[in-house]
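Participant: Assemble the whole structure, with the sequences as input and the hints as a guide.
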Amino acid sequence: MTDLLLRGCVLPGRPRLVDISIANGRITELLTHEPGVRAPANERIDVGGRVVTPGLVEAHIHLDKALLSERLATGAESALDAIRMVAEAKRGFTADDIRQRSCRVLDMAIAAGTTAMRVHVEVDPIIGLTSMETALALKQEYAPAIDLRLCAFAQEGILQAPGTEGLLRRALQMGADAIGGVPYNDRDADQHIDIVFGLAQAFNVDVDFHIDFFDEPAHMHIRKVIDRTHRTGWRGRVAVGHLSEASALPAVEQKELAEDLAKAGIGVISLPATDLYLMGRNDDINPPRGLAPIRRLLAADVPVALGTNNVRNPFTPVGTADLAHMAFLASVAAHMGTPQDLRTLVDCLTIYPARILRLPDYGIVQGCRADLVVWDCERVEDIVAAQPFRPWVIKNGRVTVEHERRIRPRWKEGPR
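For the sequence shown, the numbering used here begins at 1 and goes up steadily by one.
Wrong hints could be hidden among the right ones.
Unchecked claim - With a straight-line Cα cutoff of 27 Å, these simulated BS3-like cross-link-like pairs (lysine-lysine) come out: (1) Lys-255 - Lys-224; (2) Lys-139 - Lys-90; (3) Lys-224 - Lys-263.
Claimed, not checked - Derived CB-CB ranges, DEER-like: (4) Gly-128 - Gly-280: 33 to 39 Å; (5) Gly-163 - Ala-251: 42 to 48 Å; (6) Arg-281 - Pro-409: 39 to 45 Å; (7) Arg-358 - Arg-398: 19 to 25 Å; (8) Gly-414 - Gly-13: 44 to 50 Å; (9) Gly-367 - Ala-137: 30 to 36 Å; (10) Gln-160 - Arg-235: 28 to 34 Å; (11) Pro-35 - Ala-143: 36 to 42 Å.
No wet-lab data here; the hints were simulated from the structure. Built from N, CA and C at the ideal position, the CB exists for glycine as well.
Facilitator: Here it is in structure tokens:
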């Protein structure tokens, strides 16, 4: 028996309307839509020719330092300045404080259609394991609506913050799914990278670096990451966020780097809101945008995700955890405006981040988990172009969010 039937769906890449049959949390059948045919189901939703995509996948977000704008009066002048400001604020964090702010962001993301998320959880001598303990509890609490993947993240460095390596080990023992580093914020970037890969091997977890977050290609630690990925056999298990320095490379070098990333199976997560906000601060005229070269990376078959990163803190002063907003920003900033470009950017919110996170059974084919979003539009490209609301969000075959929206243009009703 079908538990849920979605009737009259527009699916990416399909020319005709489709009915999606769901049972036991899985997609059991994709049927050509026939108006008037009433198939048996416990629950039916008339999608009415709207677009349906797989659930959105947030590949890079920080919950524990979200929503700090109300307590921090000034904005950051650089990435390192933002790190300093948050490190100071972190001294006042409590478990309850982290939980409350995290829940607010999770609720926003779920309402916007996110069904899976990799959370970078800060682990260091300042906060200890408080953020990880809180995140592990939230992972269980929010499981009916979203899959949380937790990355133990050394924001304050490893070598310059004694005790961090031991804390990272404990976080991995507690159940972190990945290990994350930030080589540009440590006294020896190469050793930092080696420690992270060593922990990944010891605990058999994936790797996710914040990398090369500057305007000019002065560091290019990505080359060390590529080398270590090959040496450790971690192909397909490494992701990097930011990669802003690559945007300043000549076109030929960008192409070569993209090909090297593809060979290593490394995914790239562009973070448009943060990168646009913090890059380009050193140039009064024609400031650089600081986005990773999305188009060239995709052309080389590198999986590219668009992520939120931060919400209303020194790294990013705005945001609602709606991934569609990140695609909107990337469209403008990366000059990706054709209908095909916009459809590709939707892939950067869905299939590419799912590949980076190695999500099992993801997509809209028979047998996949029924994690779906219904969009109030009839063309896939309008997800980016029009930023439509989402009438229904479905997780594991159950409707988790239902949006009702009514707009009444009263100015048209009365005398003028």
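Participant: Can the suggested window of 30 to 36 Å be confirmed for the beta-carbon pair Gly-367 and Ala-137?
Facilitator: Check passed, 32 Å falls within 30 to 36 Å.
Participant: Within 27 Å, alpha carbon to alpha carbon, are Lys-255 and Lys-224?
Facilitator: holds, 17 Å
Participant: Can you tell me whether the CB distance of Gln-160 to Arg-235 sits inside 28 to 34 Å?
Facilitator: holds, 30 Å
Participant: Hinted pair, alpha-carbon criterion (27 Å max): Lys-224, Lys-263. Please report holds or violated.
Facilitator: holds, 14 Å
Participant: Quick check on a hinted range of 44 to 50 Å for Gly-414 and Gly-13, using CB atoms only.
Facilitator: holds, 46 Å
Participant: Taking 39 to 45 Å as the hint, is the beta-carbon distance of Arg-281 and Pro-409 inside that range?
Facilitator: The hinted range 39 to 45 Å holds for Arg-281 and Pro-409, with Cβ atoms some 43 Å apart.
Participant: Is it true that Arg-358 and Arg-398 lie within 19 to 25 Å of each other by Cβ?
Facilitator: Because 24 Å falls inside the window, the suggested range holds.
Participant: Verify the CB-CB distance for Pro-35 and Ala-143 against the hinted window 36 to 42 Å.
Facilitator: Cβ of Pro-35 to Cβ of Ala-143: about 37 Å, so the range 36 to 42 Å holds.
Participant: Measuring from beta carbon to beta carbon, are Gly-163 and Ala-251 in 42 to 48 Å?
Facilitator: holds, 44 Å
Participant: Keeping to a limit of 27 Å between CA atoms, is the pair of Lys-139 and Lys-90 held or broken?
Facilitator: holds, 21 Å
Participant: Cβ-Cβ distance between Gly-128 and Gly-280: within 33 to 39 Å?
Facilitator: holds, 35 Å
Checked against the numbered hints given earlier, the structure satisfies every one of them.
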